[in-house]
Structures are given as structure tokens and as C-alpha cells.
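For reference, the chains in residue letters:
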Amino acid sequence: MIIQLKSGIVFDPANKIFNKEKDIFIKNGKIIDRSDLNKKIDRVINCKDKIVMPGAIDLHTHIGGGKVNIARLMLEEFHIENHDRFDSSTIIAPSTFKTGLKYIEMGYTTCFEPALLPINARQAHSEMADIPFIDKGGYALLGNDDYFLELLRKKVSQPVINDYVAFILKATQSIGIKVVNPGGINAFKFNQRALNVDEKSKYYNITPRDIISKLSKAIYDLGVPHPLHVHCSNLGIPGNFLSTIETIKAANGLPIHLTQIQFQSYGNNGDKRFSSAAVEISEYLNKIDNLTCDVGQIMFGQTVTMSGDSMAQHRNHKHAHPNKWMCMDIECDAGCGVVPFKYSDKSFVNALQWAIGLEIFLLAEDPWKVFLTTDHPNGAPFTSYPHLIKLLMDKSFRNDILHQLPKEILKHTILHTLKREYTLNEIAIMTRAAPAKILGLDKKGNLSNGSDADITIYDKKENDIEKMFSRPTLVIKDGHVVVENGKIKKYIWGKTHTVKPEYDTSIEKSLDKFFNKYHTMKLENYIIEDEEMNTLIGNQIIVNKCKYKRKQ
Amino acid sequence: MAEHIKNNNPKGLVCPFCSLHCDDIVVSTNNEKFTLINTNNVKCSTRIESFNINKRSLFVPRIKNIETTISSALNKTKKEIIKNNEILVLNHGTDMSGIRSILNFASNHNAIIDHVNSKFLHQNIGVVQRTGYMATSLMEVKNRADLIVIFGNDILDKTPRLLDKIFLSSNSLWTKNSKKEIILVGEFSSRTVAKIKKKCSVINIKIKLDLIPEFIKTIDSCKTNKDLKISNNTIIKVNKIVKKAKYMVATWSASDFTKTSNAEIIISSIAKFIVEINNYRRAACLPISGNLGDATSSQVLTWTTGFPSCLKYLNGSFGHDKNSFNGLELIKNKNIELVIHINSLSMNKLELDSKLTNIVIGHPNSKFSSIPDIFIPIGIPGIDHRGIMFRTDNVVSVHLKKIRDIKLPTLKYIFDGLI
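Going line by line, the protein sequences match chains A and B. Residue numbers for the first sequence follow our numbering, beginning at 1 and rising by one. Residue numbers for the second sequence follow our numbering, beginning at 1001 and rising by one.
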């Protein structure tokens, strides 16, 4: 079947096409060039006065895995209050079904679960297999697992670390590696309650800097497109911007991606001992080429925080709203913590968090380096993205809300002085082209000949930008029209994106010994083979290319 | 094609029959029979080998106990589904794929879904939904726990290898057995106590399980409690052990507490105690779930619908009500017309109410209290087909292998035939 999207106003930043009227042709799930048309066009969709963009990509959203399911289980009362036309699960901890429906309704076609515990990868992939429509993938968590920390303590060579990292990517069917509170989750199991970047863990005698340095080098050596995805030390602690800067330095100039950076950009100045350090963080972001970040914007209202950072989540449980929470130590691998939380617009701290996130967005000079996220659901559910886009694109709307917040925050934020309004070009970059680029997805986030036909079409006549981004008029996934005028037209199932860098398999001998002695399952059963992904779990995999052949 | 059935060579079994899902079991197969060859745990080998099939006639579907073909059984089942307004799918154990197919079926026929052990599930989940707690997983316990407090003795029967493989493993990264402490709370056999004593220090607090909350208060405050009838010396000793422990683990099985007056208060008191310890030291809870795929069922239903059990498909989505969609209560009160029992894993006799229409889709050796209207034999995940199941700690799922090839259909195959 051939579809023509006729006369749309195209925003395709990867091809430097901005606000240009253009036709797009789709055949067999791919975008094709007009010159490749050799059959009759089956369907012409008039896109006059419509904005055409590649399908949006969320590179950091908690959509599958143990902690997500704990949240679903914990928040039963919110499910019951929240029945809508899809199912009764709450949007702060949606069912897999609702996750897919809500994302596709907004024109998001690819999403990444950022905290896939290796031991929990089978579950995370199984959950994601039950999310309809979207393509997905996950970043495997390393940096708190006892096997890795023991390698560091033994001071093994970098190639051995590289082998282990490549093995984990393969065994867990992941596309990247994330480190959460480097070494801190592990230290918490030994009853350590804090771990700064240059502080040695009591048991392993290793610093978070050592961990960042080794893992970022491994990712670089292996040619994995996505840089090390880092949730820094000291999450949420006033004054933590200093450890965030030290974490950046720990990568020694190699590519590094800092996640939910809003939660890592806090000063401790002022009478409340809590202040914005967005300016300081943004200076680094603007001057260091290899540094990218996603923001983790908060929005006011009820949500649930979920993280592998059990050290931080245990510290934060006193703020739980409603007053219940759960933390878990997991298989000498990592941990997790689930704490429901309500961001209040009456709270000085929450209001300033809101402002800090926006400051970071607005101070970022290069939209290719900053990604639009709420760290769903930690800052807010992903369904608040259209509202966030409006905050970025509409200064008066932003300032109206700012002036409804506690007046004292005006002394602590420069937000009201920032005149910038994001353009549609910039929104298209940060939600499409840039995440595809940083993940190495050359068939996504662009409308090039041969790319996947994941396309979102918005109504330009819609005056309210929030409404426009909430409800695209048409969403096409893999060449299928799946949403039309807000209605689901067809159910399809996406694929899972992975990378598989080469490695010396002799690492598996050492792992096999470790598993046989200390683990609770055999190595062979820990590994998720491609065939298991495709048949039992139900996720067809796509192996994306590494940037280059492994460097030794 | 079975991966392991080329000859009689030893084959690895990932055991589907208890919530530990051990993957270090080796079986030999001879035609259709399998025998465990590397375990000295009699309870395990007896349980697993009981799923061998002695008569080929057991492979055949039956309508009112008369042998029939699979297509006739499916047709008759379809007719019953059309005839009856209220359908309950009662799960006595299946794997992830089985749960997915139950959901698919229920959404096509507006059916109710529940697990036979959902009562126990809700007792543990109730703590998560009311207050939350600190949890841990098997590998953390094996390597880190220096104090394990076992509340009630069901878990040692339910998960026969828990002691040897996890609690008293000779391979542990940080805790030698000689330095470990185990405290048994409740009635334990002298044999169990003696067995533990050979490897580590053990104290048996012989109290009724109803008194667990009182016991915890007493240990925490280190004050005498006459109702408990525990010596002052023992209280002081246990208090010291708890305070000294670097990583304490509290473990229980909710089914043990059904004999008490309030299971949820007992579980809450344990969880609260562990939470308080974590203000100063590390400690965690390890609830042991049932052996009928309880964890698998609750995980898959939760991610698909938001709820772990007691579901009904209504008006285009799944709704949940612990009372109205409680399977056993519906049967007891005759508020259901047709019950489809799913039994891939249980050797317990299925209680069938002969006044209702009963369809059993189960493994060939399934036992019933009365003859079901229709019986359709299916394979066992981990024996007759591959699958995925969740372990008791809910965080680890295992890949079950196929070790026998007797051409039994999967639950998915049957449900696909009914839609």
C-alpha cells in the first residue's frame, strides 16, 4: 500500500527541513522518495494546514519492569478513582495497554525504559511486549552490581570491563547502559546512607568517579551510540549541583548523558537552604560538547516516584504522599524504591523545582543536547508533555503560572527574566531528531528516504499549542494509520531496539563460576536469547549498529 | 521440537512446581518418563516425578468422563460459553503465556478472572497498599543475611530447598553459616531444628502465630511479656541478636497465617518492625508466595490491568472488585454459572461444585472432587512446553524449558480455539 501525505508543512530537523510544504510518500512501512513510486497511490491524505513531523521519541520514561509494577500494585485507590475510556489504571502508573494508547494518541512512536535491571530484564521486556503500538528499548543498569564492583576492586583492565558491559547489553537485550547513584545502591546494602562522587564505598573502597570513568570508557570503546546514561549521586539533595559537575568531569571528556538533571541542579543558598543552580549546570551543558541531558521537569499534582536509587528513595520515604512506600534490595544487582509523591504549587521547594527545570530548558543553547522529559512518572506523567511544550513556547503562559506560585520563589529563580520561547523547529529537534541521533536510531526521528514511516500530523489551525500536541489529527506507525482524529484505527505491535557490540566471550567463563557459586540461577538461564525475545516474550528485536568496531 | 529430547542424556529442568523455580535440577528421560538424578531432596523429587503420566488415556479430552476428540471438546466448551451468562476463569496455576491467553479469552467473553490463592495474595499486597515495606530477593538473602527470622513453618514445606539452597548455602559472599543466626517463630519439628543446628545457631520461639505482634513488641522493647511465656533470658538474647545483625531477613508465608485470627495484622507488624530497623541498620522482608504460579498471575495481571486478581471485563476494560469478583466466594454462593478451571501445576484435588458447569483445562494427572463436565488435557509449562514464570521474590522471572514431548496442547492453543 502506498500513502501520500500531500502538501503538509514539514518539520524534519535531521534533514534541515523546517516549516516547508512538502509531500511525503509511504510504502511498506517505510518513507520513500517520489522518484521511487512505481505503483498507483492507494491513499492520498490531504495535509494542507497540517504540521508533519517524525513520530516523537521519549528517551527516558519508566514504562516497564519491577518498580513500575510495584507502583501499579501499590496505587490501587488511584486506579479506582480514574476510570476512563481505555481502562481504570491511573496515568501515574498506567497499565501496559494504557501506556501504549496514551503515547500513540500524543504522536509518540518510540519510548525507552531507562532502568532495566539485568536480573529483571525478562520481566521488563515482557511488560513492554504488552504495550501496543510503540517501539521500545531499555538501558541496562550497571555500576551497583557486585560482580562489576569486584572487577573494579581487583583493578582489572579496561578491556575486561568492556567485555562485561558488552555481555550485559547482549544478555539483557538492551540498547544502552545506565548507572544510577554510582555505587550508592550497593553501599546502602552495607548500611551506608550517602556516597559522594569522591567518597569511597566502605566495602569495595571504590568511588562513584571510578565507576563513571570506567563505564563511560567502556561505552566509548565498544562504539555503543548512546553515551553512558547517568543518574548522578545525591539525587534531590540541596547543593547537589557540585556533585553533578564532578560527575560530568568523571567522564574525562567522553560522551555522557545526565538524566533528570532538574533533580541534580540544586544549590543550598538562601534562607531555605534550597536554591536553583540551573545557571551553573547550564554553563557546563553549553560549553561541553559531549554532554547531553534530559530534564525531568516536574508538574504540580499527584504522581509516584520510582527509581533504582534505593538509597535516595529510602531517604525520601518520609515525604511519601499518600503515606506508603516500598524499597527493595535486588539480587546483588541493584535495588529499587517506589514512593508516591504530590508536588504542590503551594510548596516553596516544589515551586522552585518547577522553575529550575524550565530554567534549564530555556538556558540551553543547543536543543540537540537537551531532551524533553518528565522522567515519567517521577516528575509528572508523560501525558503532561503538551503542557510542558506550551510552557516552553509561550512566555506569557509560563509567567502567568509563575506568578501564581509562592512569591518568595521569585527571589530564587531567574525564570521571569528569561524571554526565550521555543520554536516548533526546536521542539521537533528535542523530541524527534535529537533523541534518535543520540540513540543511534538512523531510521527514526527523520523523514528520510528509507526511514521508518513513523509520522505525526498536527492541525496548524489549532490555536492552543497544548491542545495541538495533545491530539494529533493523524499518527502513522510503521506505515499504518493508527490514530485518526483522536480515534484508534488499528492495533499494531512495535519492536524492541538493541545493540550488540562484539566482546571476548571468555568473560562468560568467569561469570559462569560466579553464577554457579553465588547466584540463584544459572548463567545460561539469565541470558535472554533472541529467540526467547521473539517467541516467549513476544518482542521482535532490531539490532542497531554500533558506531564503529570495538576499540581495544 | 523439544530442545533436550534427542536422547536420554541428562537434561536441565527449570522447575515450575514451587515458587523458587530452581534451575539446577537434572532429569533423565526415558520415553515419556522423567526421573530426577541430581537432587537428594525427597520432597522435590516426589513432587516433580508425580507429574509423570502412566496411562496414555489421560491425554484424551473427556466430556462427562467419556473420551472425545479435542475438536469435540472445544465445540462443547464453546456451546457452554454461549449458554452461560456469567463465566469465571479460576486459575490454579499457569505460566505467563497462559495468563496472557486467559486475559484474551476474558476480554472476548466478559469473563471474571481470579486465582485460587488470591486471598493469601491480598494479605501480602495489603501491606504494600496500606503502608509499604522493605523487601529483598533470594540472592541478597543467600549472600547477605546474617539473621533470618522464619515466622511459621509452612514455607519449609512449601519450598523444600529454601533452607539448603538459600538460607544455609555454603556459598555466600559475606555470611558464613557458622556466623549466621536463624530464629524460628512458631511450631517447628525437632528434626528441622536439629538440621539447622548442624550448620548455624538456631533459636525456636514456640509461640502461637497469633502472638507474633506481641512477640515483636517484646523483642523490640526488650521487656518481659507474661502472655508469651518466653524467658527473660531468651528475650534479651533475641534482642541482642537483632541489634547485632547487619542484614536481618524476616520471612513468612501468608498461607501459614490463615490459622490465626488476623493474618494482615501479623504481616503488618513484621513489615513495620523491619521498616523501623532500617532507620539504623539494614533489614528486609521476604514473603514466600504460593506454588500455583501465584506470583506469575499477579505480575502479569497487574501490568496488563493495574490489578493483581479479582477482575472482570466490562464495557471495554477490566474492572476489579475484591469481593464481587472473588472466585471462591462466587462458587460458594453459586453466583456463577460456568467455571473454567485452569490447572497446569497443581496435584491438589480441585474442588468442583457439581451444581455448576465445570470445565477443567488442566494437566493430564489433574484430580477432581467430582467429574467435570468437560476435561481438556494440556501440557505443563517447564515439562511439555517452554514458558516464563515469576519467582517468589517477584523480581526474577525464569525461562522454563521443554523436557518431554507428548504432543499436549498449550493453554494458549486451547483458548485461541475458543475465541
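Derived from the structure by calculation, the hints contain no laboratory data. These numbers were taken from a predicted model, which means no experiment stands behind them. A virtual CB, placed ideally from N, CA and C, is assigned to each residue, including glycine. A hint or two may mislead.
[As the list claims (entries may be wrong)] Below 25 Å or equal to it, Euclidean Cα-Cα: the simulated DSS-like pairs (lysine-lysine) are:
hint, chain 1, residue 1, chain 2, residue 2
1, B, LYS1244, A, LYS202
2, B, LYS1083, A, LYS318
3, A, LYS318, B, LYS1322
[What the hints assert, rightly or not] Which bits of chain A does chain B cover? Going by a derived footprint, with three or more residues having C-beta under 8 Å, they are:
hint, segment
4, 117-128
5, 405-416
6, 426-438
[Unchecked claim] Covered by chain A, per the in silico footprint, the following chain B stretches (three or more residues, Cβ under 8 Å):
hint, segment
7, 1142-1156
8, 1207-1218
9, 1332-1340
10, 1396-1405
11, 1408-1418
Hints versus structure:
In summary, the hint linking LYS1244/B to LYS202/A is supported, as the alpha carbons are separated by about 18 Å, within the 25 Å threshold. Using a Cα cut-off of 25 Å, the hinted pair LYS1083/B and LYS318/A is violated, with the two alpha carbons roughly 54 Å apart. For the suggested pair LYS318/A and LYS1322/B, the alpha carbons sit about 30 Å apart, so the restraint of at most 25 Å is broken. Check on the segment 117-128 of chain A: 7 of its residues sit with their Cβ under 8 Å from a Cβ of chain B, so the three-residue criterion for coverage holds.
Here's how the segment 405-416 of chain A fares: 0 of its residues keep a CB closer than 8 Å to some CB of chain B, so the rule of at least three is not met and the hint is violated. As drawn, the segment 426-438 of chain A meets chain B at 0 residues by the rule of a beta-carbon pair under 8 Å; below three, the given contact is violated. Under a criterion of three residues with beta carbons nearer than 8 Å to beta carbons of chain A, the stated coverage of the segment 1142-1156 of chain B is upheld, 3 such residues being counted. With 0 residues having a beta carbon nearer than 8 Å to a beta carbon of chain A, the segment 1207-1218 of chain B misses the requirement of three or more and the stated coverage is violated.
Taking a C-beta to C-beta cut-off of 8 Å, the segment 1332-1340 of chain B contributes 0 residues in contact with chain A, too few for the three needed, and the coverage statement is violated. Counting residues of the segment 1396-1405 of chain B whose beta carbon lies closer than 8 Å to any beta carbon of chain A gives 4, which meets the minimum of three for the stated coverage. Coverage of a stretch by a chain is defined here by at least three residues with a beta carbon nearer than 8 Å to that chain's beta carbons; for the segment 1408-1418 of chain B and chain A the count is 0, and the condition is violated.
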